[in-house]
Every structure is written in structure tokens, then in C-alpha cells.
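The listed protein sequences derive, respectively, from chains A and B.
Per the working numbering, the very first residue in the first sequence carries number 1; after that it's consecutive.
Per the working numbering, the very first residue in the second sequence carries number 1; after that it's consecutive.
In case anyone wonders, no lab produced these hints; they're calculated from the structure.
You may find that some hints are simply not true.
[To be verified] Cut-off 25 Å, straight-line C-alpha distance, at most; resulting in silico cross-link-like pairs (PhoX-like, lysine-lysine): (1) K317/A with K357/A; (2) K59/A with K192/B; (3) K218/A with K339/B; (4) K49/B with K192/B; (5) K437/A with K339/B; (6) K357/A with K437/A; (7) K357/A with K218/A; (8) K198/B with K47/B; (9) K317/A with K281/A; (10) K344/B with K59/A; (11) K344/B with K49/B; (12) K312/A with K219/A; (13) K218/A with K403/A; (14) K218/A with K317/A; (15) K192/B with K47/B; (16) K219/A with K357/A; (17) K281/A with K294/A; (18) K119/B with K437/A; (19) K119/B with K59/A; (20) K294/A with K312/A; (21) K219/A with K437/A; (22) K49/B with K219/A; (23) K344/B with K218/A; (24) K403/A with K317/A.
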Amino acid sequence: MDSLDPVLLARIQFAANITFHILFPTISIALGWFLLFFKTRFVATGQAHWMDAYQFWIKIFALTFALGVVSGITMSFQFGTNWPGFMNTVGNIAGPLLAYEVLTAFFLEATMLGIMLFGRARVGEAMHTAATFLVAAGTTLSAFWILALNSWMHTPAGYEMINGQAHVTSWMAVIFNPSFPYRMTHMLLASGLTGAFLLAGVSAFRYLRQPIPIPSSKKDIMATLRTGVFVAAALIPAQILVGDLHGLNTLAHQPAKLAAMEGIWETTQGADAVLFALPNKTTQSNDYAITIPKLASFYLTHDWNGTVQGIKSFGDKHPPVAPVFWSFRIMVGVGLLMLAVSWSVAWQLRRKNAWLKPWAAKILVAMTFSGWIALVAGWYTTEIGRQPWLVQGLLTTAQAASKVPAKHIALSLGMYLTLYITLLSAYLSVIFHLARKADETETTTTQPAAEASLLSPLAKAH
Amino acid sequence: MTTYYGIDLTTPAGWLPLLFGLVLCISMLTYVILDGYDLGVGILLGKTKDLSQKDMMIASIGPFWDANETWLVLGVGILLVAFPSAHGVILGALYLPVALMLMGLTLRGVAFEFRVKAKAHHRPLWDHTFNIGSLISAWSQGFMLGQLITGFQESSASYLFSSLIGFCLIGAYRLLGASWLLMKTEGALQEKTIGWAKGSLLFTAIGVLAVSIATPWVSPRIFEKWFSFPNLLLLLPIPLMTLALFGITARSLNRLPLRLRQGNQYGSAIPFACTVGIFLLSFYGLAYSLFPWLVIDRITLWQAASATESLLVISYGVAIVLPVIIGYTLFSYRVFWGKSTALKY
Numbered sequence: 001m002d003s004l005d006p007v008l009l010a011r012i013q014f015a016a017n018i019t020f021h022i023l024f025p026t027i028s029i030a031l032g033w034f035l036l037f038f039k040t041r042f043v044a045t046g047q048a049h050w051m052d053a054y055q056f057w058i059k060i061f062a063l064t065f066a067l068g069v070v071s072g073i074t075m076s077f078q079f080g081t082n083w084p085g086f087m088n089t090v091g092n093i094a095g096p097l098l099a100y101e102v103l104t105a106f107f108l109e110a111t112m113l114g115i116m117l118f119g120r121a122r123v124g125e126a127m128h129t130a131a132t133f134l135v136a137a138g139t140t141l142s143a144f145w146i147l148a149l150n151s152w153m154h155t156p157a158g159y160e161m162i163n164g165q166a167h168v169t170s171w172m173a174v175i176f177n178p179s180f181p182y183r184m185t186h187m188l189l190a191s192g193l194t195g196a197f198l199l200a201g202v203s204a205f206r207y208l209r210q211p212i213p214i215p216s217s218k219k220d221i222m223a224t225l226r227t228g229v230f231v232a233a234a235l236i237p238a239q240i241l242v243g244d245l246h247g248l249n250t251l252a253h254q255p256a257k258l259a260a261m262e263g264i265w266e267t268t269q270g271a272d273a274v275l276f277a278l279p280n281k282t283t284q285s286n287d288y289a290i291t292i293p294k295l296a297s298f299y300l301t302h303d304w305n306g307t308v309q310g311i312k313s314f315g316d317k318h319p320p321v322a323p324v325f326w327s328f329r330i331m332v333g334v335g336l337l338m339l340a341v342s343w344s345v346a347w348q349l350r351r352k353n354a355w356l357k358p359w360a361a362k363i364l365v366a367m368t369f370s371g372w373i374a375l376v377a378g379w380y381t382t383e384i385g386r387q388p389w390l391v392q393g394l395l396t397t398a399q400a401a402s403k404v405p406a407k408h409i410a411l412s413l414g415m416y417l418t419l420y421i422t423l424l425s426a427y428l429s430v431i432f433h434l435a436r437k438a439d440e441t442e443t444t445t446t447q448p449a450a451e452a453s454l455l456s457p458l459a460k461a462h
Numbered sequence: 001m002t003t004y005y006g007i008d009l010t011t012p013a014g015w016l017p018l019l020f021g022l023v024l025c026i027s028m029l030t031y032v033i034l035d036g037y038d039l040g041v042g043i044l045l046g047k048t049k050d051l052s053q054k055d056m057m058i059a060s061i062g063p064f065w066d067a068n069e070t071w072l073v074l075g076v077g078i079l080l081v082a083f084p085s086a087h088g089v090i091l092g093a094l095y096l097p098v099a100l101m102l103m104g105l106t107l108r109g110v111a112f113e114f115r116v117k118a119k120a121h122h123r124p125l126w127d128h129t130f131n132i133g134s135l136i137s138a139w140s141q142g143f144m145l146g147q148l149i150t151g152f153q154e155s156s157a158s159y160l161f162s163s164l165i166g167f168c169l170i171g172a173y174r175l176l177g178a179s180w181l182l183m184k185t186e187g188a189l190q191e192k193t194i195g196w197a198k199g200s201l202l203f204t205a206i207g208v209l210a211v212s213i214a215t216p217w218v219s220p221r222i223f224e225k226w227f228s229f230p231n232l233l234l235l236l237p238i239p240l241m242t243l244a245l246f247g248i249t250a251r252s253l254n255r256l257p258l259r260l261r262q263g264n265q266y267g268s269a270i271p272f273a274c275t276v277g278i279f280l281l282s283f284y285g286l287a288y289s290l291f292p293w294l295v296i297d298r299i300t301l302w303q304a305a306s307a308t309e310s311l312l313v314i315s316y317g318v319a320i321v322l323p324v325i326i327g328y329t330l331f332s333y334r335v336f337w338g339k340s341t342a343l344k345y
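Pulled out of the complex, with its shape left as it was, chain A reads as follows (with noise of 0.2 Å):
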């Protein structure tokens, strides 16, 4: 067990536990503004299918909401058990931005969860609406705070250092650091992704069940089949030009992890855009590498022999390169295939009445997770990017590690990762199975919906 190297094993915990725990936040963002969506149309126009869809989803929601809420608890002890020395340098910008979320964020959206889900017979349908609505702010607000202090552990900004501890000079430059107006866009936009392939993907599923033309009862399905391939087609594009906006960022930033992520070693004048490669760091250069010349430089700097500073130029102060690069590719191939499928699905339904075809559905089925992959994949280039630092130039990982013994750690991380690969593999299950049942038993139209609603002042009066 001495052999163990605690920080590894402290990072490798907290890597499964936040990796597992953004899954859901994920979803439940987007998934709220959803619910919310169908919820006002339902109000509106009074058509049954888009209460059929709230019923529907909400379920996916609550069930998603609940391991978002108790991964969240973990993380919030693991802050403080596996990062002491995060807290004793940047306690006084990370303590006050992590208290606010909870005090803003965490209260609202579950204490409202409770009336959205069970509520709406006995608060009438305005204020369950608002409780809807309040759920759906709740889970962004909640992303803003979290993401303020990510984006300042990136770019750090508003402080001065006294003594080894960073003090706020400015709570609005801490907030606004230079990356995070790019991070939070590219991450809602992230998340309404993810929420709309999902959307996609289960209804397509669901789809693939029914007969052509499907039964009335079922009107719920196109609807949000259409939703969320309409949604994701406006997004994506969106994405990718912002995308590129953090990227730009980030060059300007952090240099180290932009040429980890194009891996680039050398400092260059008319950087190649490596399409291919297997970064060797013993080496310290490229295997087997595709290049298009020049097209870094262009695209970073926007002048065809612009400079671009290579790895080498860090010394030791550069994440592990290969990490980077891949995950870094792997991000941007599922955008592109989110683009092509998205805007190919989005043109067979462009007339109203429009049927899919079976083999577009069943690409979307295969897609429902993929707002996860690029998730996931974007997360790691992010954060190995900014390796070995903690803190960007304040605080790196190593001395932030806590003094716990690697057997205690390796015997939670043990219990840990047991855990979440069972609650993923169940989760997945549950939702197609939440969809086949919801095709195999009679879909409740409003009919009993309106009712309670309309009796809701009585019911309350009992």
C-alpha cells in the first residue's frame, strides 16, 4: 500500500466523483427550461400531448435531479477532505462563492422540486408553474456560482496575495474573470445540447415503437422528437462559434494548454493544424502525424505565419500532453457529428406533419448520450489542461493535497467507483425502461390533470 501515491489517488477520486456527478447537473439545466416549455405550452394552447410530455419527462427529471443531489453532497465534502490546501489559499474567493451557491441555488431548486413533482393538485397550476420555472433558474444559478469559481481557478483575477493567502480586491473581477463569460456560454450551451439529444434520442426511441402514423394518444412523441432536434440544430452552430471563442481565450491565457490541445512542441512560425497524431512525451514530439500546413496559425492568430509557443517553452510547468489532445479531439468530433445530425434530422421534419425515417431515428437513439461524451471530453481538456496548477500560476495540485493516508483513499475510491458504475448502468436502464412502459400502458391525457387543477382550491380546502 506504500507504493500508492496519494495525490494520484486523491485526484483519481475526485475525477470519478465530478465526472460522475456533472452527468446530471448537465441535464437537469436544460431538462428544467424543458419542462418549463411544455408546462407554458400546455397552459396555452390546453393540448393534452404537452402535459403528456411534461408527465413524461419529469420523471427522467426527478430521477436525474436525485443522483445530481447526493453526487453533489459527496463533492461537497471531498472539496475540503482531498483539497485542504485549496481552502487555506483561496478559502477566502472559492469559500464565499461556493456558500452563495448553496445559500441562492440549492435551497430553491429543492425545496420547489418538492412542489413541481408532487404539488400541483394542491397549489393550483400558476404557482406551480412558478415553482416549475423557479427549478429551472434554481439549476442555472446554481451553474453560475459553480462556474465562477472554475473559471477563476483558470483565470484567476480580483485578488492579492497576503501571506501566502489570496484576498479579494474586487468581488466583480473574481466573478467576471477573463474566462468566464466564454465558460459559462459554452457550458449552457453544453448542457442544452446534452438535455436536447436526449430528448432526441429517447422520443426517437419511443418513435421507433409506435405505428405510421402514430395513435393520437401518442401525439406527445413528435412533439418532443421535434423539440429537441430543433433545439440541438439551432444550438450546435452556436456552439461551435463559441467554442472557438474560448479557445481564443484560452491562447491568450493559458498558452500551456492551447498547444497541448493542438499538440504543438515546438515554437513555430506558421504553426500546421494537426489533424492526427500520437503525442510522445518521452520524444517530446508527434508519432504518425496528419498536418494541414500552416492552418494552426491561421485560426489561432489569424495571420498564415503567425507564432504559436510550443509545449517545450513551459519547462515543467505543462499538463500531460496526449490527455489533452485526445480528449481535446474527441470533444470537437462529436460537435461535428451533433452538426451533421442534427441539420440532417432537422430537414426531414421541416414540413409540420413530416415522418422521420427509421434509420434517422435510430441514429438519434444512438446518439441520446452523446451530449455526455462531448461533456465529459471537453471537461478533461479543460482541467488536465490547466495541470499541474490547481490554482492557474497561484497553487498547483500537488500542494493542495490533503495528508490523508493513500489506503483510506484507495478504500473509498474503491467504494466509490463500485457505486457509480452501478448507478450509471441503472440509470440507463430506468430511462428506457421509463420510456417502453410509457408506450405500453394508455397515455392519461389531461382530462384528470384539468380536473385537479380546476379542483385545486377545493382539494386544499380539505
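Position chain B relative to chain A; hints supplied.
Coordinates of chain B only, in the frame set by chain A:
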């Protein structure tokens, strides 16, 4: 009068840590009572074989459990951001029991959702998970309390004591859970809960007694605080009131079966109210013993506090947002007031 432990309480550096100590106490106490009853319901879930009764039990906590657990996040969050060095010592010493508790909380949180959403034949498995997860969480929280009281000594006596407190906290949460169900349900299930509550009273009492004896035992300073004159007389109402609340609970539990059979719900909330009272008094006694130490006789509130300007920034948030949180929490309890109904989206 303004200096205490050599600290000038009129300066922000003096009173801000006190304020955050208070916020920490409020969130931990709220957590223990609120999540206590829903953990208790989880612990009791294995006591009935009847599926509809299980559903009813779960329905009584459905709208609340998420928000209840958020108080734990707030408590740990306040410890982390306001008292970082104490957070490091406490959670470092409790690393494994914390991991165990998190496992327990995770299992029960997800089981709550999976039991009604997964395939029907998996349901007993998830019910079981919910039950086990609740037990693990309750036990490890009690174990941590035991460790905190004994000042994190690494001795078998301290581990033994902490394990005992773990089992007692299971009993205490069970009492909270049973009396919550007594208040929120009707019919055959409600009658059962009386027996469950009775069965939990003894363990709760043992737990309260064990903590009361151990704290002065471990620290002569705490002994002095309780047993010197006139403190002894002034503090006497705390144990006496606790004793009285145990008495009222027992009496009420003995009388309720007959009354409920006559269709009279009057007094079905008394055991819950009294149990909450017992928790409040015990917590108050414990806080009095520990104050102003976060780690017994090692770290005080002021020694552990983070920079005054950070505390000031968070205190604005707390002052504005905490009342709002309490407001909409009360609203949520009002919405779901009275006997629970089946959970339907």
C-alpha cells in the same frame, strides 16, 4: 463584559465567528431534525411487508427529503468556508465514517427514485437499498458524533463508545421517523407506528444519557461548566425538561391506540413535537458543552475562522437569503400540511 476568551466581541473579528458558529448550529440542528425524520422513515421501511404501506411511508417524505439534505450541505459548507482549519481537522479525522455516510446517503437518495421507476421486480431490491442506506447514514452520523465528543481519540474505548452512539442515533432517528409517520398517516399503518415509536424510546434515552455522561467525563473543563455552582442550578431545567418530554411521549404513545381506534386524531402530533423537543434540548446541551470549541479543547471558533472580510461577504448573503430560505421551506410544509396523499406527478 465585551471580551470573552481574550476576544473583543465588539470588533467584526470577534462577533463574526460567533455569528457563523450560530449559523453552523442552526443548519446542523435543522439537518438532524429534518433529515432525521426521513432517515427514520427509511430505517422503518423494513418493518412492514405491505407494499401500499411502504408507498405511504415514502409518500410522507417525498416532497421534503431533497431540501432536508441541503441543510447538511449548508452545515458542511459553513464549516468549510467559515472555519476551514477546523474543517480540515474534523473531516480528516472522520474521513472513513464520512465516506460511509456519503455512500449511505447516495444509496437511499437514488433508491427513492429507482424504486418506483425501475422494473417492478427490482422494487424489493431498491426498497432494501433505501432501508440499508438509511441505516448506514444514521449509524455513521452517530459514530461521528461520538468521535467529536471524545475529541477524536484513536482508542478502542472511543471507537466502542462511538459505535454505541451510532446505534443510539439509529434509535433516535427511528423515534423521529415513527412519530412523523404517526402524525402524517392514517389507518393500519398509523397504528403500527405507535409500536415502532415505543420500541425506539429506550435507545434514544440511552443515547442522550451516554452523551450527557461522556462529555463532562472527557473534559474537566466541560465538567466544570455544568457542575460548578450556580451553573448546576441554572442548567438543571435542561435535563429535567428532557426527562419530562420523554415522559409525555411515553404517556401519549400509551393513550393514542385507543383514541385512534375511536377515530380521534387529537394528539397524534404530540410524540413528534416532544421528540423534536428532546433533540433541541440535547443539541443545546451539547452546544453549551462544546462552546466555544469546534474541536474539544483544541480549536476555538476564533482560531478556526477565515479572513474577516470573507466572513463579512458571506454574512450579507446569510442575512438576506437565510430568512427567505426559511420562508419558502415553511411554505412548502404548508402546501403539504396534513395527512400525506399518494405521490403522483
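Against the structure, the hints come out as follows:
1. K317/A with K357/A: violated, 52 Å
2. K59/A with K192/B: Not OK: K59/A and K192/B at ~31 Å, beyond 25 Å, violated.
3. K218/A with K339/B: violated, 35 Å
4. K49/B with K192/B: holds, 12 Å
5. K437/A with K339/B: violated, 30 Å
6. K357/A with K437/A: Within the cut-off at roughly 23 Å; holds.
7. K357/A with K218/A: Holds, at about 18 Å.
8. K198/B with K47/B: Holds, at roughly 14 Å.
9. K317/A with K281/A: holds, 14 Å
10. K344/B with K59/A: holds, 10 Å
11. K344/B with K49/B: holds, 22 Å
12. K312/A with K219/A: The hint is violated at about 58 Å.
13. K218/A with K403/A: violated, 57 Å
14. K218/A with K317/A: Between K218/A and K317/A the Cα gap is close to 57 Å, so the pair fails against 25 Å, i.e. violated.
15. K192/B with K47/B: holds, 9 Å
16. K219/A with K357/A: holds, 17 Å
17. K281/A with K294/A: Within the cut-off at roughly 23 Å; holds.
18. K119/B with K437/A: Given that 25 Å is the threshold and the Cα spacing comes to 9 Å, the pair holds.
19. K119/B with K59/A: holds, 14 Å
20. K294/A with K312/A: holds, 19 Å
21. K219/A with K437/A: holds, 16 Å
22. K49/B with K219/A: violated, 39 Å
23. K344/B with K218/A: Holds, at about 20 Å.
24. K403/A with K317/A: holds, 24 Å
The structure fails hints 1, 2, 3, 5, 12, 13, 14, 22 (numbered hints given earlier, in ascending order).
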